[in-house]
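Protein chains: 2
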Amino acid sequence: METTVKYLYENYQQLNQQKVTLYGWVRNKRSQKNFGFINFHDGTVFPTLQVVYEESLDNFKDIQKIRVGSSIEVLGIVVLTPDMKQPFEIKATKIQLLGDAPENYPIQPKRHTREFLREVAHLRMRTNLFQAVFRVRSEAAIAIHKFFNERGFVYTHTPLITGNDGEGAGSMFQVTTLDLSKTGKEKTVDYSKDFFGKPTYLTVTGQLEAEAYAMAFKNVYTFGPTFRAEKSNTQRHASEFWMIEPEMAFCDLEGDMQVAEDMVKYVINYVLNTCHFEIDFFNAYVDQSLKERLELVINSPFARITHEEAINKLLASKHPFENTPKHGQDLNTEHEKYLTDVLFQTPVFITNWPKDIKAFYMKLNDDEKTVAAMDLLVPGSGELIGGSQREERLDVLMKRMEEMHVPIEAFEWYLDLRRYGGTVHSGFGMGFERLVMYLTGVENIRDVIPFPRTPNNCEF
Amino acid sequence: METTVKYLYENYQQLNQQKVTLYGWVRNKRSQKNFGFINFHDGTVFPTLQVVYEESLDNFKDIQKIRVGSSIEVLGIVVLTPDMKQPFEIKATKIQLLGDAPENYPIQPKRHTREFLREVAHLRMRTNLFQAVFRVRSEAAIAIHKFFNERGFVYTHTPLITGNDGEGAGSMFQVTTLDLSKTGKEKTVDYSKDFFGKPTYLTVTGQLEAEAYAMAFKNVYTFGPTFRAEKSNTQRHASEFWMIEPEMAFCDLEGDMQVAEDMVKYVINYVLNTCHFEIDFFNAYVDQSLKERLELVINSPFARITHEEAINKLLASKHPFENTPKHGQDLNTEHEKYLTDVLFQTPVFITNWPKDIKAFYMKLNDDEKTVAAMDLLVPGSGELIGGSQREERLDVLMKRMEEMHVPIEAFEWYLDLRRYGGTVHSGFGMGFERLVMYLTGVENIRDVIPFPRTPNNCEF
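Sequences listed follow chains F and A, in order. Remember, the numbering used here sits 573 above the position in the first sequence when you count from 1. Remember, the numbering used here sits 573 above the position in the second sequence when you count from 1.
Do not rely on the hints blindly, as some may be mistaken.
When chains are identical, the list treats them as one kind, so a pair holds in a single copy or across two.
Stated by the list, open to error - 30 Å max Cα-Cα, derived DSBU-like pairs, lysine-lysine:
#  : residue 1 : residue 2
1  : LYS931    : LYS899
2  : LYS864    : LYS771
3  : LYS838    : LYS638
4  : LYS638    : LYS683
5  : LYS838    : LYS719
6  : LYS658    : LYS579
7  : LYS638    : LYS931
8  : LYS891    : LYS910
9  : LYS760    : LYS804
10 : LYS804    : LYS758
11 : LYS658    : LYS592
12 : LYS667    : LYS771
Don't read these hints as lab results, they were simulated from the structure.
Please put together the full structure from these sequences, using the hints given.
This is the structure we're talking about:
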């Protein structure tokens, strides 16, 4: 029977003494005079499988020479080993080398630094750490889709290339088919010759288009790549990353927060269930408070506090912050940390932010000073989600756009959403990599993206 | 009870005489002297809901003036109507206008051309046709994820921005942060000042990176946007579209075809089950052979035939083709159509293509003239999937790259996948929009993408 290591781990108790055929790679090996062990991995499940081979095999000498990283075929018999660490092993009846891995194979069974592994991003998934990271990433993505699909949200593919450079969420990459060695020779660039007949950019958000879809489907979400051309080389920023942006008609800020809370809890629960091997690994080798923290999040109601109250609480704490918290201003990392890790010890939504530090499309509150926005801060990691109720009043929205120098003519279509059957609506955005970092305890965004793009780094 | 039209359609038999609250939009309306009807739609399910209101309501005169497209709140009572076309309706106890839609609202209850609706892409989802298209698109995407996840495939996010311009699948967009009004003044463009320190492009495929992941996880898939900067204005080409690209280690061309066949059948089945209202609509108003064709695909084993045999059969048919089929050459649309619609009347895999018309990474067959490639042709639509077994032999691959002028130095990482534990592996690519067109009968790709991008067209 051709099978997988995953199938064996799930069914070994029924398979004692069964013949099986497996295809995979040598993760590690140990050769003795009359027998040997191979740590066999086929990518289908996190743990390796112990394969034992003995001198009686025809090609025993050749098997002993098989190197770490090689691909092999294994025929053998399942043997239950209830007294050992692994509950079963394979007694090989045949082992065949398929693809060799020479001595210079970079992924040897020893500790490699993450910096080194980033340089071999095409091979690093063959290590325990990156096997675990990228399986969690996959399962978390599936969990997102399941969550929204079960609730009737329509999955919407918003465009990546956009003609708007004024969405206001950050610097943008330009997209062009012009020959850069020829532009700049005239006074102005002739965009009539560019592919789209005008300047175009990589999107920084799918929110505005998602709003259009929410006005037809009530509840929608996007899950796709977004881009930031910011030269910030931090552990938490990448130039290309994936975002989840739900948008809900007939939903106010309270409803928005409820969906965000339900989603975060759903995804954590799902990953704890589907990736227990991986989570155990992270908890043992990456962050020993991981499981405790994730379980706390699942089991706590998320706190809700206004920005004004948050500043008051921070001031009242008398904590010696480097930056004094101020009404009307953004929170610093140290403030966020104090709120989540000391004051609340749970995730906390900060609501009703000063309008001057938030985007033009957020709903102006009756005080005319704050907007119906929310940030979700999580213990140990800071901001995970940002969202808001959207301004549905045409006149207020246009006034805000003027104040903030947003070019109204480019957004006529967006204003139409208020002109024709507009309604209360809300949404939020979550950077998917931030979630994966939170789920794994891995602290550098470069280590949760298969082939990360950052300033001066676009390899592979 | 606040509820949705979807919930009512699924549970109306238990809800007779229940009080409900609904939020949505006026799709159509009819006012009589003493009563009126509203076709109410809330985006949660395809059909509309009939709301009846009578003169006895306080604001009867105002309700009569509510216009098509407006958003409203409806309180009312569920009334079963077993003798009427709709199985139930709502007898309103209160109707409140939330957001008006003035007389110039573009989406009136009449027939609009698809060309007109493309110009209001931010509103067209409020019509039956585009409600149906974009819900099917969403459910088909979910079906893809379910199919691969249930089979243990790891979902992999391959990069969108790439430094490789030689992947060979088509023209590419350049991505830059250089100021185009300033480049071109020196002899060469100084890419050390560009964001990534070198020229970068939007990817045309995630396959090569997916191969790296298959060498660690055995079975992986990508599902993300890809780009083509080709100035071809056809019904079947867009500049930005989504692709599904599975990649499987220890899998040959036979296995590859089996996964492709299983996937296509799974997705069609899933959409027939989850979108029966929508499929019925398409079958009535878009393509009256749609359901029959989809059911044929589900119930037929897909045919398999080599390119050589296909040419032989086409020649033997004596059919008066405009272009005579030729050994060693690509098939024309008329040839594909004859194979699927006349000769086989089922989907058909064409295998073992002449090497000169296929990509460098496809496995060279022992005849050294053909490669282990496959195209899946489907009745009524042509090519849906293209795939191949990949060349795992380092020396053969390098020779093919040289012959086809692929710059080897940029692909050293790709060659590493053959140097270190390489193995037989295969994969394929399916353009997601092609699938949505096939599922809906809609013939223009611009009508299955929320905000399509084509040459000279990047609106919204």
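Here is how each hint holds up against the structure:
Only within a single protomer do LYS931 and LYS899 lie at most 30 Å apart by alpha-carbon distance; the minimum there is 16 Å, versus 63 Å between protomers. Neither within a single protomer nor between protomers do LYS864 and LYS771 lie at most 30 Å apart by alpha-carbon distance, with minima of 50 Å and 42 Å respectively. Proximity of LYS838 to LYS638 under the C-alpha cut-off of 30 Å is found in neither arrangement, the shortest distances being 49 Å within a copy and 45 Å between copies. When the C-alpha separation of LYS638 and LYS683 is checked against a cutoff of 30 Å, the pair qualifies only within one copy, where the shortest distance is 19 Å, while the shortest distance between copies is 76 Å.
Taking the closest pair of Cα atoms, LYS838 and LYS719 come within 30 Å of each other both inside a single copy (13 Å) and across two copies (21 Å). Taking CA atoms no more than 30 Å apart as the test, LYS658 paired with LYS579 passes inside one copy only; the shortest distance there is 17 Å, against 52 Å between copies. When the C-alpha separation of LYS638 and LYS931 is checked against a cutoff of 30 Å, the pair qualifies neither within a copy, at 63 Å, nor between copies, at 38 Å. Taking the shortest Cα distances, LYS891 and LYS910 sit within 30 Å of each other inside one copy (15 Å), while across copies they are farther apart (77 Å).
In this homomeric assembly, LYS760 and LYS804 come within 30 Å of each other (Cα to Cα) both inside a single copy, at 28 Å, and across copies, at 26 Å. Proximity of LYS804 to LYS758 under the C-alpha cut-off of 30 Å is found in both arrangements, the shortest distances being 27 Å within a copy and 24 Å between copies. Taking the closest pair of Cα atoms, LYS658 and LYS592 come within 30 Å of each other only inside a single copy of the chain (22 Å); across copies the shortest separation is 61 Å, beyond that limit. In this assembly of identical chains, the alpha carbons of LYS667 and LYS771 never lie at most 30 Å apart, being 63 Å within a copy and 49 Å across copies at closest.
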